[in-house]
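Protein chains in written order, with this note's numbering: chain A, 1 to 168; chain B, 1 to 168.
One or more hints might be untrue.
[Unchecked claim] Estimated spans, in silico, between C-beta atoms of each pair: (1) A/106 to B/38: 44 to 52 angstroms; (2) B/160 to A/80: 39 to 47 angstroms; (3) B/70 to A/140: 49 to 57 angstroms; (4) B/125 to A/93: 20 to 28 angstroms; (5) B/160 to A/105: 49 to 57 angstroms; (6) A/106 to B/67: 48 to 56 angstroms; (7) B/137 to A/39: 40 to 48 angstroms; (8) B/107 to A/121: 36 to 44 angstroms; (9) A/12 to B/137: 16 to 24 angstroms.
Read the hints as simulated data drawn from the structure, not as lab findings. Virtual Cβ for every residue (Gly too), placed ideally from N, Cα, C.
2 protein chains.
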Amino acid sequence: MRKEPATDPAEPRWLSAEEQATWQAYLHATTLLEDHLDRQLQRDAGMPHIYYALLVQLSEAPRRRMRMTELAQQVKITRSRLSHAVARLEKNGWMRREDCPSDRRGQVAVLTDEGFEVLRRTAPGHVAAVRAAIFDRLTPEQVAELGAICSTIASGLQPAGADLPWLR
Amino acid sequence: MRKEPATDPAEPRWLSAEEQATWQAYLHATTLLEDHLDRQLQRDAGMPHIYYALLVQLSEAPRRRMRMTELAQQVKITRSRLSHAVARLEKNGWMRREDCPSDRRGQVAVLTDEGFEVLRRTAPGHVAAVRAAIFDRLTPEQVAELGAICSTIASGLQPAGADLPWLR
């Protein structure tokens with residue numbers, strides 16, 4: 001006679017073979033792609049991928065400026081990692097920090113003309129690399145499906161009260 | 001009269017609105033998930049996600065050992081990053097290095113019993129975190145689709161002669 005319940009609540013729900021294969025493929029693709037884009041941007045513009053993402057965010061913001069806290073949230077990084085990146089970008093002359101007029105403790109990151117020019121020169125090569133690595137390899141249906149899957153994962157990781165990078 | 005060809009080869013092929021949305025969702029999901037799993041593993045086992053991946057690889061290898069070069073390739077990282085990680089794991093007593101009997105210049109990484117025990121204790125919490133973040137949120141069709149998409153991206157980034165992390 002079986003004493004254990006059919007599913008033991010103490011037994012971890014291990015991944016199935018198919019889930020395991022998907023998880024391995026996810027880890028391989030994301031690790032290789034991040035390395036590839038970091039190398040591409042280091043080679044072409046002397047900056048890592050995350051710096052490029054910061055320049056892009058500011059370039060799309062009104063008056064090319066954004067509060068530091070909002071910038072960290074947009075790029076999904078910690079405030080300390082953002083401070084470090086902005087200090088480096090400021091040294092390059094691509095960004096500058098200003099005090100926030102509406103909040104004495106807050107700061108605003110501003111894209112300089114030089115930073116905008118670096119972005120303008122770098123964007124074509126970067127978009128070509130992203131396209132070659134992802135969009136040229138997927139069908140339009142896969143692009144839509146990948147977007148839906150990633151949106152589901154991203155929103156699941158940001159419930160109210162979550163320990164999110166930009167709140168640390 | 002239009003002088004330019006319909007598609008100017010000098011004009012970058014910018015991402016469409018849908019591609020752009022997918023790309024943003026991809027960046028958000030992958031950045032948030034890596035942060036989430038790093039935090040989970042730091043909290044529960046005092047190690048970052050990449051160290052955990054190294055322990056898993058060795059635990060699944062024959063005699064729980066693997067050549068360093070092969071380990072770097074499996075986990076898709078540079079040899080210098082691997083050396084640094086293994087030095088730390090060796091200090092913890094979770095891994096040790098041995099000279100490779102068949103190659104005088106090569107080294108083999110070996111999972112210790114203590115390292116295996118750490119993995120045994122840590123795996124249930126980690127698989128629960130991965131499941132909650134990804135597999136419990138996706139349909140079986142999405143899991144299969146995500147696996148296919150990631151495999152396509154990963155193999156596209158590893159053509160013969162590519163500048164791959166473990167070859168540097």
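Structure-based check of each hint:
{"no.": "1", "hint": "A/106 to B/38: 44 to 52 angstroms", "in the structure": "violated (28 angstroms)"}
{"no.": "2", "hint": "B/160 to A/80: 39 to 47 angstroms", "in the structure": "holds (41 angstroms)"}
{"no.": "3", "hint": "B/70 to A/140: 49 to 57 angstroms", "in the structure": "violated (37 angstroms)"}
{"no.": "4", "hint": "B/125 to A/93: 20 to 28 angstroms", "in the structure": "violated (46 angstroms)"}
{"no.": "5", "hint": "B/160 to A/105: 49 to 57 angstroms", "in the structure": "holds (54 angstroms)"}
{"no.": "6", "hint": "A/106 to B/67: 48 to 56 angstroms", "in the structure": "holds (52 angstroms)"}
{"no.": "7", "hint": "B/137 to A/39: 40 to 48 angstroms", "in the structure": "violated (31 angstroms)"}
{"no.": "8", "hint": "B/107 to A/121: 36 to 44 angstroms", "in the structure": "holds (43 angstroms)"}
{"no.": "9", "hint": "A/12 to B/137: 16 to 24 angstroms", "in the structure": "holds (18 angstroms)"}
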